[in-house]
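Participant: For reference, the chains in residue letters:
Protein chains: 2
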Amino acid sequence: MQRRAFLAGGAAAPVSRRAGGRLSREDLPTPALLLDLDAFERNIARMSRFARDHHRALRPHGKTHKCPEIAKVLIRAGAVGCCAAKLSEAEVFAREGVTGLLVTTEVIGKPKIERAVRLASRNRDIIFCVDNLQNARELNEAAGAGRVRLNVAVDLHVGGRTGVLPGEPALALAEWIDSSPNLKLAGIQAYAGHASHVVGFEERAKTSRQAMAQAVETRRLFEKKGLPCPLLTGASTGTYSIDAEIDGITELQPGSFIFMDLDYRRIGGREGSEYRDFEPALSVLTTVVSQPTPRMAIVDGGFKAFSTDKPFMPEAKGIRNMPYVWAGDEHGRLDLTNASAPVKVGDRIEFIVPHCDPSVNLYDRIYCLRGESVEAEWPIAARGMSQ
Amino acid sequence: MQRRAFLAGGAAAPVSRRAGGRLSREDLPTPALLLDLDAFERNIARMSRFARDHHRALRPHGKTHKCPEIAKVLIRAGAVGCCAAKLSEAEVFAREGVTGLLVTTEVIGKPKIERAVRLASRNRDIIFCVDNLQNARELNEAAGAGRVRLNVAVDLHVGGRTGVLPGEPALALAEWIDSSPNLKLAGIQAYAGHASHVVGFEERAKTSRQAMAQAVETRRLFEKKGLPCPLLTGASTGTYSIDAEIDGITELQPGSFIFMDLDYRRIGGREGSEYRDFEPALSVLTTVVSQPTPRMAIVDGGFKAFSTDKPFMPEAKGIRNMPYVWAGDEHGRLDLTNASAPVKVGDRIEFIVPHCDPSVNLYDRIYCLRGESVEAEWPIAARGMSQ
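In order, the protein sequence lines correspond to chains V and D.
According to the numbering used here, the first sequence holds residues 3 to 389 in order.
According to the numbering used here, the second sequence holds residues 3 to 389 in order.
Keep in mind that the hints were calculated from the coordinates and are not lab data.
Check the hints yourself; a few may be wrong.
Copies of the same chain are indistinguishable here, so a pair counts whether it falls within one copy or spans any two.
What the hints assert, rightly or not - Pairs of lysine-lysine residues, derived as PhoX-like cross-links and limited to a Cα-Cα distance of at most 25 Å, are as follows:
| id | residue 1 | residue 2 |
| --- | --- | --- |
| 1 | Lys112 | Lys346 |
| 2 | Lys319 | Lys112 |
| 3 | Lys208 | Lys312 |
With the hints as extra help, turn the sequences into a complete structure.
Facilitator: So, in structure tokens, the structure goes:
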């Protein structure tokens, strides 16, 4: 048990320790976020081996875990660094010693640009994304004032989110960056968010290939014009094995593979209707706090314990045919009619989450389990850092 | 600007201060949670006056705001205390000096029961809810060991969540509590969660009256048997004015009225199709970080900036006909086709949230605005305290 890590976890969450001081799953106050370390380590080993075998750099997305300890585990397993969705998330990772940061959302407005320059002055390898000229000008100016040279990637619009249009508009921006004194063109980011969760492998592959073809073509255009473009970063847990077959993509930035969730499980794999490249390693532990009738039990996890952005409910582990439905902010209701095991007040029930990233963002710490034993307790230090 | 409060807010969120040190809305890093103090104060004045006029105690639910400063504002305005959904939430409120706590979810299992007894030994007026005999026995035993007498309310199942069945089952539990040496029967909690959000005033009134009739009847049964029952607490922002007309309900525990949200706005008022008893006082401020095409803008708030448990999207303030759709964990996409005002990168756009409680639970602090000026910055000290 890492006592310092526990203390760093923020507000008090008193936990009783058994004689001997070793924490067990049974000691944890619920709702609690759990990590199955065996499954987590296998997931990381699989993705690391895949990236190595396919000669792609791996820079997993930190927005999934927001946990510096996990970023460091991934780097020790061969990752070149860690993506951060936002500047404030990157600041936390950097403060905790995570290297090779890539901030995947544009940094907009003077106060944040000044923070980005301060961050870069202490972390020279950090890369920022840019998708418009005005922002590039402001970054260049602030970098000059801060006496740093900022690494910037051109963020391409190949999905439904941010980015400059591929082809000529991206080229014009890249040429401006390359000619500016205080910015260094790092390459291209192309994240096809709309492809990641397409159900059915072939359909997903088609969507991702169409999106990423524009990125590869834009990279060729840059190089034809003599612009350096060593980086083309993209891909998700849904598309990593598709994108790694596309020539020209140099780096994969998947996030969810370390944890998995119900949403990724249903998208289908290369073979078969279930996606089984990675194992579920994340869960939420709850307690049955009430049983108003023999067929109904209430657990202590609701909207504040699970993500709610996907159209499915948390799924119980170990007990079959026991549907969960939301019962508000703090509670979930279990239908025991056909449950495969009896349930009573005080029982602890573990659930796989619908969507990992926003679920993790609800917790201050993740309890790392080896079997029944709590081997570590890692602060989710960048939780809430969406700025 | 309360610097101590700002520091207490947890992890660093650097904010530039204008010359003079006064913060303005424009200085806030986004996404940011905003409170319109004028609207907030009017909402509180209205509910306080209503409760006073109807001779009902008001114990607003702290799960909505999780903010000790707000609990204290409400108590200064006449509230008898503050509800807390969970033990860990109550611990935070107590630590910050909030009195009159009522923990609305059962406290289950030895470690939490021991914490509850410790909390009660320092906060003699705290009330806990019980809905089963085994739990009552354990509370009584722990209270004896801790040399305190615990105030407990019988939690009635009148909605879709926790509680013992009304009538005889509740009576049996109340009699046991009343005869136990270390528990003091405080009365009844009856929260009809299923009634709160029923659309249409008459339909909602019917649902709530049916549910609460069982509670009133159970209270009469207690009193007939000579059991003290000074408390019958229940009601929500959706039902407060319905339940206050029911004889026998002594206390209202609404939460959302201080903030309001899109979900409560659409449920309909006593007159008309929009619920206008209270004003929207809560919003999330975002920044446009990208504009990939003339008709599309991307803001920096997604699943981690807004609640997602209701079937509607955040609604922009000030600009009409500009639908928002989710664009993942960190982003939202705006359709500018028919927007009533032009939008460009760097613009700051404020949104009313779909559901206030789980939205607030995503933030470490709430910025309190008087017009454009940030008058205070309150830590959401019990954020994440769902245990």
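Participant: Give a verdict on every hint.
Facilitator: To see whether the hints hold, each was checked on the structure:
1. In this assembly of identical chains, the alpha carbons of lysine 112 and lysine 346 lie at most 25 Å apart only when taken from different copies (15 Å versus 56 Å within one copy).
2. Proximity of lysine 319 and lysine 112 under a CA criterion of 25 Å is satisfied inter-copy only: 24 Å between copies versus 48 Å inside one chain copy.
3. Taking CA atoms no more than 25 Å apart as the test, lysine 208 paired with lysine 312 passes inside one copy only; the shortest distance there is 23 Å, against 32 Å between copies.
No hint from the list above goes unmet by this structure.
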